[in-house]
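Trainee: So the protein sequences, as listed, match chains D and V. FYI, my numbering numbers position 163 of the first sequence as 163, with every residue one higher than the one before it. FYI, my numbering numbers position 254 of the second sequence as 254, with every residue one higher than the one before it.
The reader is advised that the hints may include incorrect statements.
[Stated by the list, open to error] Only pairs whose alpha carbons sit at most 25 Å apart, straight line, appear in this in silico PhoX-like list of lysine-lysine: (1) V/K715 with V/K394; (2) D/K171 with D/K131; (3) D/K171 with V/K487; (4) D/K131 with V/K487; (5) V/K333 with V/K365; (6) V/K365 with V/K406.
[Unchecked claim] Using C-beta positions, here's what the derived DEER-type ranges look like: (7) D/M97 with V/L703: 39 to 47 Å; (8) V/M512 with D/H243: 57 to 65 Å; (9) D/L252 with V/M512: 53 to 61 Å; (10) V/D402 with D/A181: 34 to 42 Å; (11) D/D180 with V/E558: 20 to 28 Å; (12) D/A198 with V/M512: 33 to 41 Å; (13) D/D180 with V/D402: 34 to 42 Å; (14) V/D587 with D/D173: 31 to 39 Å; (15) D/D152 with V/E282: 43 to 51 Å; (16) D/K131 with V/D587: 18 to 26 Å; (17) D/A181 with V/E558: 18 to 26 Å; (18) V/R589 with D/A181: 25 to 33 Å; (19) D/A24 with V/E424: 50 to 58 Å.
[As the list claims (entries may be wrong)] Chain V stretches covered by chain D per the calculated footprint, using a threshold of three residues with CB under 8 Å from any CB of chain D: (20) 475-484; (21) 547-559; (22) 586-598.
Derived by calculation from the structure, the hints in this document are not laboratory data. Ideal Cβ placement from N, Cα and C applies to all residues, glycine included.
Each chain, written out:
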Amino acid sequence: MLTFVGLGLYDEASVTVAGRDAIAAADRVFAEFYTSRLIGTDVAALEAHHDTTIERRDRAGVEQHPEPILDAAADGDAVFLTAGDTMISTTHVDLRMRAADRGIDTRVIHAPTAASAAAGLTGLQNYRFGKATTLPFPWAHGADGVPGSVTDTIEANRERGLHTLVYLDIKVDHPRVDGDAYMTASQAADLLATNWDADALGVVVARAGAPDATVRADRLGALADADFGSPLHLLVVPGSLHHIERDALRELAGAPADAL
Amino acid sequence: MGRRKKIVEQCERLMDNPEQIRNIAIAAHVDHGKTTLTDNLLAGAGMISEDTAGQQLAMDTEEDEQERGITIDAANVSMTHEYEGDDHLINLIDTPGHVDFGGDVTRAMRAVDGALVVVDAVEGAMPQTETVVRQALREGVKPTLFINKVDRLISELQEGPEEMQERLLSVIGDVNELIRGMTEEKDDIEDWTVSVEDGTVAFGSALYKWGVSMPSMQRTGMDFGDIIDLERSDKREELHEQTPLADVVLDMVAEHFPNPIDAQPRRIPTVWRGDADSEIAESMRLVDEDGEVVLMVTDIGVDPHAGEIAAGRVFSGTLEKGQELYVSGTAGKNRVQSVGIYMGGEREEVDEVPAGNIAAVTGLKDAIAGSTVSNEEMTPFESIDHISEPVITKSIEAQNMDDLPKLIETLRQVSKEDPTISIEINEDTGEHLISGQGELHLEVQTQRIERNQGIPVTTGEPIVVYRETPTSDSQEVEGVSPNRHNKFYITVEQLSDDVLEEIRLGEVSMDMPEQERREVLQEAGMDKETSQDVENIIGRNIFIDDTKGIQHLNETMELVVDGLTDSLEDGPLAAEPVEGALIRLHDARLHEDAIHRGPAQVIPATRDAVHRALIDADIRLLEPIQDVRIDVPSEHMGAASGEVQGRRGRVDDMYQEGDLMVVEGIAPVDEMIGFSSDIRSATEGRASWNTENAGFRVMADNLQREIIMEIRERKGMKTELPESITHF
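Can you make the complete structure from the sequences, with help from the hints?
Mentor: Here you go:
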């Protein structure tokens, strides 16, 4: 059995009870933290919390050489952990299908993820989100500034009145950076303000799931100059606003009246 | 006032009169006597003593040049000569004749308007003669001919007037055949063949310092009969006084070579692709000393006191100290610290050097041989590509770890001075690679590092540079990214020989206007549609984008090219460069989000797919080969041809020429390492030979695996090939 367990948004307490039980029952516990990580904890604290040993896999160890995970799942109970939910944004559906190919049973235990927090914290309704996109570091993609596909996505959503959830790039163990790099919401707002539209409204969500989670709405140009503290951040570019959404952004996200 | 100073002042006066300037190069096969001739000209102009000319070899200033008795670097010199009552300023470049140093010849030709081709009367036109004439004509440089060592025909071979005439006419005929072949298709060149009647051919002996030409005979009244008499009776001194070589040759230079005003309007369109209607084009055509400054750097040298010196041709404007100039291909400006002209091996600083001259400049720290230097940003000159490419590599290490930084700096400097040298720095292992034109080329360069820089080095055995090439067309191959969300569908086809040749010669590149590129490719036989879809030219391979309207592909294309470049630099057989592949992208499936189709996904997907397609296209190892010509007495002919055949070589022709037999053939460069000593012992030192790099050839199938494993082992790669390789 291979069980995909989402660890939730912030620290070792963000996992669901069902997830905790699955980890406790597993023979082997694997995890990947190259797509995202729990900012409020580390692997050692997680191991202590769950009283288990976590085998951390890098990108190649998941995408190119998943055999050890699959072998463990074929022989016994294995769990595979990621931050957030295992099947949203970073989709590990490929790993699940490879397991199915080998006749291994699989199940998914969900957890809160950035997409649900974005709606949950900003008051923007999840019915009114369009396609999501990721803003990469300028050096990490094949074009200059902001990739056309990012602004195309935002604009296509806005034409239909829809909000865009913009994930911000994370580089873990990347040869180009020392340590880990997390794009901040102000860097993202600056990139979009410079390459797209400085007057457009943006909503920053910082440290979703943490006790000090922060939400701020303002023009992108103004968000570019603000500091939202430690990671992880994400950014929402709203489309048209329902009146309740407008009120929420003003009340809960401090949006200045002239920006709405 | 010293004599030298006087000449410098005379030169400075003449520099402002382009009509009076001749920029020339002396070029020839090795040992045909260029440098001795140059000494004669210098002595004639009063630059060195008459007595030592011929032995002094004033131009061979490097210690190793004097030791080896050959010219290695192209050297510059200026002199004055009076012809028909007018003083002329002659800027002269002596070039190396040995084939390994051909890059210097090519670069020198860019700076000059006339090439004095020197041919040995006894040996006749040789392979290197053909190469230098070709190099000159390609650059739009006008040739004249000096047939040297005529004294040997008279004294050694005891030839009579008729035999001599026949021999000289055949040399002229050979050279003219070359000239006709190269200029037939050029409409901007009238008849450039040389002839005795026109005065574009001179004869003589650089060693004994006499010379004749049709005009000189008319002037002095000395005909061939008189010359034979004097030479036979050993009255060479008299011969020299009556008809001195320097006057005969320098008169020919002044009369028959174009001055910059005549030459530049014709040469600029050949060597510069910028806007012909621009002000700068006009100023270059007119050799306008008041126009914008344009200098084409053809040589970088190092002076122990002044540091790096850039030498080159001033095509427009006037170079002065303190100017801030752009250097093509680099950002920012360099400040000119001094300007000068050359006298022998020495540089004389002057206040300014106007258009039409060859200048020596310090302070251009970013310039390399081939840079365009100007006071406003401009289209650079056509790159001076020397057509032969590195075929031999040696590893080079500093003996003392402390010398490591200095060695790296020196290696970089060497490749800056000689673009036919290529350097691969490996800071991790400290074992660097230096690649060049041949064994001698590398030996000279490494000795110079030891001697001039005082860095003791250890060098490895010379290694041949291999390549990999597809020998058939592949089926469609699917490349999948590690996350399996992105797929690329590609094929590999063989590039036609004609297209490959155009890339090799630099006639087609991504730097040229698209329309022009299409035309060249179509003329070389590429179909129209393919030529319109060229996405990139990667090394000597072409990448075609056959896809239509795939969303997000445009922002992924750079990564696709990165993946292709990786796979083509390190081929699947032995990580040697791939050439001659036409890679076609037929279709692609991409993830919606940029982060899931980033470098970590796209590069491995395309790199793998290209390697698999290359294997499917029966990729094979290519090795460099050389044309070999051996001149040998008939009793040693068997031994000589055996030396070629024993080296996996092929003898194509054997024929008699004079009292010698000539053996012609080809052999792999790898097997030719160590040829010099073997042929010497096989023929008791009686053979003279010449080799010339002749491109790459597919290696025989029964050797493929063995050589590939040798290379893989040397590179520390796995010594097994992918199982899918079954075609040899």
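Trainee: The structure should be examined with respect to each hint, and the outcome stated for every one.
Mentor: Taking the hints in turn, this is what the structure says about them:
{"no.": "1", "hint": "V/K715 with V/K394", "verdict": "holds, 13 Å"}
{"no.": "2", "hint": "D/K171 with D/K131", "verdict": "holds, 23 Å"}
{"no.": "3", "hint": "D/K171 with V/K487", "verdict": "holds, 23 Å"}
{"no.": "4", "hint": "D/K131 with V/K487", "verdict": "holds, 22 Å"}
{"no.": "5", "hint": "V/K333 with V/K365", "verdict": "holds, 10 Å"}
{"no.": "6", "hint": "V/K365 with V/K406", "verdict": "holds, 18 Å"}
{"no.": "7", "hint": "D/M97 with V/L703: 39 to 47 Å", "verdict": "holds, 46 Å"}
{"no.": "8", "hint": "V/M512 with D/H243: 57 to 65 Å", "verdict": "holds, 60 Å"}
{"no.": "9", "hint": "D/L252 with V/M512: 53 to 61 Å", "verdict": "holds, 59 Å"}
{"no.": "10", "hint": "V/D402 with D/A181: 34 to 42 Å", "verdict": "holds, 37 Å"}
{"no.": "11", "hint": "D/D180 with V/E558: 20 to 28 Å", "verdict": "holds, 25 Å"}
{"no.": "12", "hint": "D/A198 with V/M512: 33 to 41 Å", "verdict": "holds, 40 Å"}
{"no.": "13", "hint": "D/D180 with V/D402: 34 to 42 Å", "verdict": "holds, 38 Å"}
{"no.": "14", "hint": "V/D587 with D/D173: 31 to 39 Å", "verdict": "holds, 33 Å"}
{"no.": "15", "hint": "D/D152 with V/E282: 43 to 51 Å", "verdict": "holds, 47 Å"}
{"no.": "16", "hint": "D/K131 with V/D587: 18 to 26 Å", "verdict": "holds, 23 Å"}
{"no.": "17", "hint": "D/A181 with V/E558: 18 to 26 Å", "verdict": "holds, 21 Å"}
{"no.": "18", "hint": "V/R589 with D/A181: 25 to 33 Å", "verdict": "holds, 29 Å"}
{"no.": "19", "hint": "D/A24 with V/E424: 50 to 58 Å", "verdict": "holds, 55 Å"}
{"no.": "20", "hint": "475-484", "verdict": "holds (count 3)"}
{"no.": "21", "hint": "547-559", "verdict": "holds (count 8)"}
{"no.": "22", "hint": "586-598", "verdict": "holds (count 6)"}
Taken one by one, the earlier hints all hold for this structure without exception.
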